[in-house]
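Asker: So the chains spell out like this:
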Amino acid sequence: MGRSEDYDFSASNEMLLELCKLQDQEALRVLFRRHEKPVYNLLYRMLSNHEDAEEALADVFVKVWRGAGSFKGESKFTTWLFKIAANTARDFLRARMVRREVSLEDGSVSEGEVARSAAAKSIDPEDCTVREDELNRITAALDGLSEDDRLLVTLYHFQGLDYQDISEITGISANNLKVKLFRARQRLKKLCEELDGGCVENELRRSTTDSSGLRQGACEWS
Amino acid sequence: MSGPEARKVKNHLESCKTCKAFLEDELAFDMRLSAVPPVEPVNDVWALVRARTKPRRLSPAVWLVKIRSASAAAKRAAAAVAVVGVAAVMFYSLNLNEPNVAPGPATTSGADNVIAVKWSDDPLGSHREALVECLDKM
Ligand SMILES: [Zn+2]
Numbered sequence: 084m085g086r087s088e089d090y091d092f093s094a095s096n097e098m099l100l101e102l103c104k105l106q107d108q109e110a111l112r113v114l115f116r117r118h119e120k121p122v123y124n125l126l127y128r129m130l131s132n133h134e135d136a137e138e139a140l141a142d143v144f145v146k147v148w149r150g151a152g153s154f155k156g157e158s159k160f161t162t163w164l165f166k167i168a169a170n171t172a173r174d175f176l177r178a179r180m181v182r183r184e185v186s187l188e189d190g191s192v193s194e195g196e197v198a199r200s201a202a203a204k205s206i207d208p209e210d211c212t213v214r215e216d217e218l219n220r221i222t223a224a225l226d227g228l229s230e231d232d233r234l235l236v237t238l239y240h241f242q243g244l245d246y247q248d249i250s251e252i253t254g255i256s257a258n259n260l261k262v263k264l265f266r267a268r269q270r271l272k273k274l275c276e277e278l279d280g281g282c283v284e285n286e287l288r289r290s291t292t293d294s295s296g297l298r299q300g301a302c303e304w305s
Numbered sequence: 008m009s010g011p012e013a014r015k016v017k018n019h020l021e022s023c024k025t026c027k028a029f030l031e032d033e034l035a036f037d038m039r040l041s042a043v044p045p046v047e048p049v050n051d052v053w054a055l056v057r058a059r060t061k062p063r064r065l066s067p068a069v070w071l072v073k074i075r076s077a078s079a080a081a082k083r084a085a086a087a088v089a090v091v092g093v094a095a096v097m098f099y100s101l102n103l104n105e106p107n108v109a110p111g112p113a114t115t116s117g118a119d120n121v122i123a124v125k126w127s128d129d130p131l132g133s134h135r136e137a138l139v140e141c142l143d144k145m
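Protein sequence lines, in the order shown, are assigned to chains A and B.
Mapping of the first sequence onto the numbering used here: residues 84 to 305, in sequence order.
Mapping of the second sequence onto the numbering used here: residues 8 to 145, in sequence order.
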């Protein structure tokens with residue numbers, strides 16, 4: 084009897100986790116298939132590139148496997164899982180920062196590059212490739228947020244979690260969370276507006292310098 | 008927000024252009040964020056996970072599913088878990104954790120109190136039938 088065929092896909096997350104404790108890799112596979120997409124979405128929004136997000140996705144489920152015994156059922160399985168994902172994303176961001184510092188010491192990365200990408204990850208308004216479509220603009224704006232702000236915005240707006248879940252994942256009290264989320268959102272909005280503004284400026288400049296009169300690239304938000 | 012409070016806010020929004028503009032702006036931004044589609048992995052990452060989560064050893068019996076929801080059935084199930092645990096220890100010297108026994112989907116039919124046992128490669132061999140029969144009678 085094939086292991087993958089005799090599995091019951093209706094089993095609860097908690098039951099599958101119990102099976103992971105018993106070294107049942109098939110149970111992990113079902114959990115992985117069930118949750119890989121939302122977890123990946125969170126990781127991608129935090130890390131902004133597919134390569135890191137995929138590596139982090141693997142890390143998250145390896146941690147689920149190894150840490151199955153630490154799940155006490157005090158929170159929802161998905162809350163526990165997103166907490167692991169959020170911590171994994173943070174680990175990746177920190178490792179990225181360390182790599183940059185090492186590269187700087189090696190001289191393989193210029194100080195300017197580090198300043199640009201590490202501190203505020205400032206967005207270059209001249210870089211129209213970033214702003215050529217709405218999704219890239221949002222991604223670039225998210226990238227300009229601090230790690231904490233990005234996590235809050237991602238959990239609330241892109242994962243659709245409620246305050247209670249986010250509070251459990253981040254450890255921020257419910258009252259503080261509302262204020263922090265509001266501020267993070269305002270910062271994101273400002274960054275989006277900056278990108279929109281830069282985009283419009285570039286469009287205007289282009290339309291006045293382009294003698295053919297043809298529009299190149301659709302930058303405006305519709 | 009309660010009824011009178013909501014009415015107060017509504018009245019204010021009707022008269023205050025600043026707040027109305029702010030709210031409209033926020034709603035538009037909400038729409039903008041909600042229009043962002045989820046991102047999916049480009050590659051299948053499972054192979055990577057599988058390679059890094061090799062089971063230490065194969066567990067012979069890993070799953071007990073109880074069908075009856077009555078408390079008497081729950082008690083019998085707990086006893087069944089113990090029997091499987093003891094049997095597994097006896098036959099394979101494995102330390103099995105006591106699995107959660109929870110109501111689940113029917114995997115076999117007819118029996119009053121059915122326990123489905125999932126085997127990795129059926130190492131119980133000829134003892135399997137006797138064990139399952141024993142569990143059914145509990
Ligand atoms: Zn007002």
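The set of hints was computed from the structure by calculation and includes no laboratory data.
Computed from a prediction, not measured in an experiment: that's the story for all the values here.
Among the clues, some could well be false.
[To be verified] Here are the simulated DSSO-like pairs of lysine-lysine, each with C-alpha atoms no more than 30 Å apart in a straight line:
no.: 1; chain 1: B; residue 1: Lys-61; chain 2: A; residue 2: Lys-263
no.: 2; chain 1: A; residue 1: Lys-166; chain 2: A; residue 2: Lys-273
no.: 3; chain 1: B; residue 1: Lys-61; chain 2: A; residue 2: Lys-166
no.: 4; chain 1: B; residue 1: Lys-24; chain 2: A; residue 2: Lys-261
no.: 5; chain 1: B; residue 1: Lys-61; chain 2: A; residue 2: Lys-273
no.: 6; chain 1: A; residue 1: Lys-272; chain 2: B; residue 2: Lys-61
[Said to hold, decoys possible] Listed below are several chain B residues computed to face chain A (Cβ distance under 10 Å; list not exhaustive):
no.: 7; residue: Thr-25
no.: 8; residue: Ala-28
no.: 9; residue: Glu-31
no.: 10; residue: Phe-36
no.: 11; residue: Leu-55
no.: 12; residue: Val-56
no.: 13; residue: Lys-61
Glycine included, C-beta positions come from ideal geometry on N, C-alpha and C.
Asker: Does each hint fit the structure? Answer for all of them.
Answerer: Status of the hints after comparison with the structure:
For the suggested pair Lys-61 (chain B) and Lys-263 (chain A), the alpha carbons sit about 41 Å apart, so the restraint of at most 30 Å is broken. At roughly 28 Å between alpha-carbon atoms, Lys-166 (chain A) and Lys-273 (chain A) fall within 30 Å of each other, so this suggested pair holds. As the CA atoms of Lys-61 (chain B) and Lys-166 (chain A) are separated by approximately 24 Å, the hinted pair is consistent with the 30 Å bound. Of the supplied pair hints, the one linking Lys-24 (chain B) and Lys-261 (chain A) holds, its CA atoms being roughly 25 Å apart against a limit of 30 Å.
Proximity of Lys-61 (chain B) to Lys-273 (chain A) is assessed by CA-CA distance (about 47 Å); at most 30 Å being required, the pair is judged violated. Taking the CA atoms of Lys-272 (chain A) and Lys-61 (chain B), the gap is about 45 Å. The hint is violated against a cut of 30 Å. Against a cut-off of 10 Å between C-beta atoms, the interface hint on Thr-25 (chain B) is violated, since the closest Cβ of chain A lies about 16 Å away. For the restraint placing Ala-28 (chain B) at the interface with chain A, the shortest Cβ-Cβ distance is roughly 14 Å, beyond the 10 Å limit, so the hint is violated.
At a threshold of 10 Å, the smallest CB-CB gap from Glu-31 (chain B) to chain A is about 13 Å, leaving the interface hint violated. With a least beta-carbon distance of about 5 Å to chain A, the hint placing Phe-36 (chain B) at the interface is held under the 10 Å criterion. Proximity of Leu-55 (chain B) to chain A holds as hinted, the smallest CB-CB distance being about 4 Å (cut-off 10 Å). Against a cut-off of 10 Å between C-beta atoms, the interface hint on Val-56 (chain B) holds, since the closest Cβ of chain A lies about 5 Å away.
The restraint placing Lys-61 (chain B) at the interface with chain A holds, with a minimum CB-CB distance near 8 Å, inside the 10 Å limit.
In the structure shown, a violation is registered for the earlier hints numbered 1, 5, 6, 7, 8, 9, in ascending order.
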